[in-house]
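Engineer: Going by the UniProt record's numbering, the first residue of the sequence shown is number 1, and it counts up by one from there.
Hints listed in this document are in silico derivations from the structure and should not be mistaken for laboratory results. All C-beta atoms, glycine included, are put in the ideal place defined by N, C-alpha and C. Check each hint, because a few of them may be wrong.
Unchecked claim - Derived CB-CB ranges, DEER-like:
hint, residue 1, residue 2, range
1, G249, G313, 33 to 43 Å
2, K327, G298, 16 to 26 Å
3, R51, G316, 18 to 28 Å
As the list claims (entries may be wrong) - Straight-line Cα separation of at most 25 Å, SDA-like style, residue types lysine to any residue; simulated pairs:
hint, residue 1, residue 2
4, K327, A297
5, K340, N172
6, K32, E19
7, K327, V170
8, K340, S181
9, K327, V314
10, K151, D337
11, K340, N157
12, K225, A188
13, K32, N42
14, K299, A234
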Amino acid sequence: MPPGRPKFDLEPFKGEITEAWNRRETNESIIKSLAAKGVEVNQKTFQRRLREWGLYRYNNKGTGKVRTSGARKVATPTSAHARPPVVRTPAEVQRGAQEEIPDSIQDDSPSSSTPGISVESSPERSEFASNSYTLRASTQAQPTPASMSQKVWTRRNPAGFGLEKSLEAVRNPAAPNPIPSPPSDVDALKQDGDSFTLSTFTSEDAFELGHLLYARLLPFAAAGKPTVISIALANSGGQVLFQTAVGSGSLPDNETWVQRKRASVLRWGASTWLLHNKFAGDEAAFAARFGMSTEQAGKYAIHGGGVPIRVQGVEGVVAVVVVSGLKQDEDHGVIVDVIKSNWQ
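All chains should be modelled from the sequences, with the hints used to inform the complete structure.
Structural biologist: Below, the structure is given as structure tokens:
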């Protein structure tokens, strides 16, 4: 203490100071409270006395932890007056301006105008541990999406059967056989017809499927409805295993549609027909749902005709089958019809 200033003993106020410290009041606040009672003490002396009592802490930036030291017991947040520190996550700070947009189509209401918040960034889903000041993220598992059909499909016929069918279609022209309409209900589509899990999928399988699609679509081309078939792997290069125009009259625009449909399947792991029905064909809502600009959204299509191929025991999409040129429900339906007719 400076000369001439009375020396005050803080021991009589130890209980009050300890209680205020446990309430996480600042040193300045406690010193002001003491001054109001006629006890004036400077910051340095006060901090020294706290250390003598074992009441000091270190704030670890970025960890959300507060360490206490000393043999004396300090109340934890479970005590009546203890409060954990308020920590605002970056997502919480920005939430008022723009909520995070999840890159998923598994939400129950993707067509809603209000984007959802991912589990990891949701401030409402965090809690404080009861025995420490550590802020721990309490993340819950995302709800399991409506399960897709678990059936594994195996090719019925040996190699070369598809080529024979396409040659037969060329040599013996026939009237178009109507294409079964796929379901438009999203849940029903997930169960049957959104994607197919095959026992294997090689270049030979792609060759067979491509020629079977050609045989099925050639009568439509003869009736003035040319199409494009494309089967590509889902690797980084998008390796094309089979691609052809069916009949004369297809345009370069069909190739653009093929690329856009394939991109949608690869990004969202679902058929473009499912995407179309999930967003009721509203491309503006689709773009807004995933925070895409007009230019970004132009790289994707939510028109039927792109179907993902999976393989048993392999994670993710293995290949994408695309048909372009007919009505979008027919583009999707013909792929489903040909696979169901030639795989079992």
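Engineer: Now, for every hint given, state plainly whether the structure supports it.
Structural biologist: A quick look at each hint next to the structure:
Between G249 and G313 the C-beta distance comes to about 41 Å, which sits within the given range of 33 to 43 Å. In this structure, K327 and G298 meet the distance hint of 16 to 26 Å, their C-beta atoms being roughly 21 Å apart. Roughly 57 Å separates the CB atoms of R51 and G316, a value that falls outside the hinted 18 to 28 Å. Between K327 and A297, the direct Cα distance comes to roughly 21 Å. Compliance with the 25 Å bound is thereby established for this hinted pair.
Of the pairs offered as hints, the one joining K340 and N172 holds, with about 23 Å between alpha carbons and a cut-off of 25 Å not exceeded. Between the alpha carbons of K32 and E19 the distance comes to roughly 15 Å, so the proposed pair stays at or under 25 Å and holds. Between the alpha carbons of K327 and V170 the distance comes to roughly 23 Å, so the proposed pair stays at or under 25 Å and holds. Distance check on the hinted pair: K340 and S181 sit about 14 Å apart at the alpha-carbon level, within 25 Å; holds.
Restraint check for K327 and V314: the C-alpha separation of about 32 Å exceeds 25 Å, so the hint is violated. With a CA separation close to 16 Å, the supplied pair K151 and D337 stays within the 25 Å bound. Taking the CA atoms of K340 and N157, the gap is near 13 Å; set against the 25 Å cutoff, the hint holds. Between K225 and A188, the direct Cα distance comes to roughly 29 Å. Violation of the 25 Å bound is thereby established for this hinted pair.
Between K32 and N42 the CA atoms are separated by roughly 10 Å; this keeps the pair inside 25 Å, and the hint holds. Proposed proximity of K299 and A234 is supported: the alpha carbons are some 16 Å apart, at most 25 Å.
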